[in-house]
Amino acid sequence: MKALLIGEYRQGKLLDTTYELLAFADRLGAESALLLVGNQSQLPKYDGRLYLADAAKYGEYNPDLHKKLVLQAVERENPDCIVFVHSSYGWDLAPRVAAALKVGQVSEIVALNEGAFEVNVCNAKLRRTVTPARGLAPSGACPLLVLTIQAGAFTLAGEPQGTPQVEPLELSQADSGIEFVGYEAAEQKGVDLTRAEVIVSAGRGVGKKDNVPVIAALASALGGELGASRPVVDAGWIDHSHQVGTTGQTVSPKLYVACGISGAIQHLAGMKKADFIVAINKDKDAPIGEIADVLVVADVMQFVPAFTAKCAR
Amino acid sequence: MKILVCIKQVPDMESRFRANGDKTWYDEADLAFRMNEYDEYAVEQAVQLKEQLGGEPEITVLSIGPERTVEAIKKALAMGGDRAVHIQDDRYYQKDPWQIASIIASYAKGQGFDLIFTGMQSQDRGSAQVGVTVAELLGISCATTLVGFSYDGGTVTVKRELEGGIKGVAKLKLPALVTCQLGLNTPRYPTLPNIMKAKKKEIATFPVAELSQEAELTATAAIYPPAKKGGGIVLEGELGNQVDRLMGILKEKIAVLR
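Here the protein sequences come in this chain order: A and B. Sequential numbering of the first sequence, starting at 1, is according to the UniProt record's numbering. Sequential numbering of the second sequence, starting at 1, is according to the UniProt record's numbering.
These are calculated hints, taken from the structure and not from any lab test. Check before you lean on any hint, since a few could be wrong.
Claimed, not checked - So the derived list for chain A, only partly shown, Cβ under 10 angstroms to chain B, looks like this:
hint : residue
1    : Ser87
2    : Ala99
3    : Val106
4    : Val110
5    : Arg128
6    : Ala264
7    : Val297
Even for Gly, the Cβ is constructed at its ideal location relative to N, Cα and C.
Bound-form chain B, shown alone (with noise of 0.2 angstroms):
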């Protein structure tokens, strides 16, 4: 069986952001980068998989954007993954859904994929498009927002959310692509033996220019802090005081204090 892992590098969401010099992402400057979160439950799920069938299984990561990106591909091969595929591509952020679809599916037809595994959405431009997508373009089943994953002989049972609590559970027949949803698994952590092997595991590179050339379907206009709409008190300070303050507004306003 091969396996297929999709995953991006996005900045740590706690961050601040303004948008870049010409308005079309964000400044990338003073960012923490880290693997997807998403992203993250997408490969623990294809390492336990690969668990689960003895080891046969061979997963490769794959990820599309500049150099720093090999740092999430690193993580993902100590995870547990067995190669690594790093499209190198500056210019990543400013293609829209259709074309990185177009460019992982480039890469992936032909070579047999049996599973690929992405997450849901990634968690900068959260668009839910690219999985599906790549999906479609290789004519294979895919199901997504799966908080359930069992697989046996060859077929693939998924449990994907739907809202307000219910589950939807859905069969697929391989070759199949799943996206993974918050709380499918607990993502492993790495251990420093796994960081050490997955140092010597084979990270194959490839300029974007060799895969797909689509041209975008959508563009970006602007990119700009939303408005911010205030009215609501702001209590900074000292927390003694913060405190005090809190409590006075809480006992005028409402009755539940007493």
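So that you can see chain A by itself, here it is in the shape it has in the complex (with noise of 0.2 angstroms):
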């Protein structure tokens, strides 16, 4: 089995997600090269091919261009697949490399099973196994496939190591329907939550813009901060400041106690690290249930105001 793993770059740094594909491809036993569009002095460490085109050239981001070197580099390395990470570079550019090479693709694996890909789908309530329409070959290798991983999913054993044998890629032409204009920063204002020893976020289980008050009265008896999981920023409830998750902020506090979150698999990967997890929600088989240390299940609105007497207490 041969993968070609597409590392990914953004502001001029290689993301460390990159190595995650490496794990993944060690999971999946798979002889791998990598495809990054970069720059030569943030090389990945990695022992092995590195298809490398330069980001100041084809742009750090332009879907067509990236398509086209993804393509370049599968004619010379005829892999069995290729995987992105399930991120807004992987999602994004995936769908386009699997359509030009008329492949199946998979989305955001979660893990492996049997040779069989395992993804989530109703908010990971429930679990599906995929595979190619046409099966596994006996060898167990698999029709050209592209495949997304889930950001987190797969970790490497141990620190990286090694030195890529670069190999550059360049295209004859480089025009686009697309043009990249610039980066917007995320807002600096607002609040800190990654310093935040206890968090409380509500979510969209908190019913109404008017009941974030009672959230906010349990984070500061607890002397914490207020969190918040996207849908009730969206929805102009509580500041994107506040904001637990990829496209907010990633925590580690001593306690996190989550109001009303259902546990969408981004809002998860902000805050599982935090050491301890509460969980207040009415539907006990909320994925938030998963990786909470106590589930409280009850109706946020009757349950957050009755603790928070009692600490008050």
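With the hints as a guide, bring both chains together as one complex.
Rendered as structure tokens:
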């Protein structure tokens, strides 16, 4: 089995998630080559072939050009699978590559199961195993597939090591219907949740904006900060600077209290390093229950005021 | 200008899910269906663009699915879509993203849509493949995960959401397809007069067999509930008792409660 792994590079830096691809290739038992549209001065620690295209020339992200670069490496490498992280880069680029090659794609793989790929459906309430339509070949190899892996699902056992043998990639034509204008930085104002020891977060289960002060009161009774899940930020109930998750802040408090948060994967990714997690949710099967140390099965708006009153006593 | 908005009807994610008889998808019995949340942002953005352009563009709403799908289509029409296409397919759930995208592309091909809006993914399957694949099949520009959209003189400027709160800004020339992320806008609630008006709008139906007949590229081997890791304490029952027990656990486990 041969895997072509597509690394990521942003704002002049190699992204650490690139190493998750190497961990996945290890789990697959695949011989791997890496591709990076990046820079010679920031190479991954990796003992193998690295196809390197210049980000200054092809854009840190231009999907049309990056697709062509991947296709060129596919031709040279002839892999069984092409692997991306399921990130804003991977989920954007992977289907373009799959469509160009007319091969199947499996998105956001969380585990391997006897050669088949496990993915979550319905907010992780069900799991699905996916195979290529033609099944696995007797050799254990699969027909060419494009795969994206869930960020954080596969990690390297040790420190990455090695120096890659670089093979430059070039395109003869570099025209595209997309023009990258630039990056817009995250807002700097607001709360720094990364240092908080206690975070009490509000999710959609809180019901409405008027109920947010009830959650804030618990946060203050516990001497902590108010956090939020994405839907309540999008709804304008709480400012973005309080958002915990992949598109907000990644936190590691001693105590994390999730109030009415079902536990979408993007939220879990931002808070699962908390030492102790309490979830209050009326749905006993909510995915947050899987990582909570304590799951209180209750209506948030009944439980939280009662608990806050008890804390205050 | 011609606009296409692709929507999907999905179950309420707060529901309990169990596998169907042949373990290929979830059992639809007892589930309440609604428009895929990401697609509501797609519909809203299309309607806002129509309003910006003085009502000139025509918005076609497209959805693939069984009879019940019409409910989601009607909502999109009540939000401001002009006409709709329902591609009837009772076995839609057995089709992989490649097949679904091929069906949409075979409908859209040659119709001269200037802009296509979709959600960035469905809430149930969540593959995030269909929109991009449609764009590839049609050979048009595409940007995903939009949290910002503006249109000016044939050029679309998008803000893509990247990790850690960073956004990537890009410009696309029409025709283009964009996939919409939560937070792009505030989807409107259909008003009663608009719901009444929507009843008169055309919903053309096509059996799926009249469109693409591409074979699947991936297949579902099985669907099942994830193994429970367990280990955590579950507090159920009477409220006062739950409060006392949580207090006891926190006092014991951590020193944050004094």
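Do the hints match the structure? See the list:
no.	hint	verdict
1	Ser87	holds (6 angstroms)
2	Ala99	holds (4 angstroms)
3	Val106	holds (6 angstroms)
4	Val110	holds (9 angstroms)
5	Arg128	holds (5 angstroms)
6	Ala264	holds (9 angstroms)
7	Val297	holds (5 angstroms)
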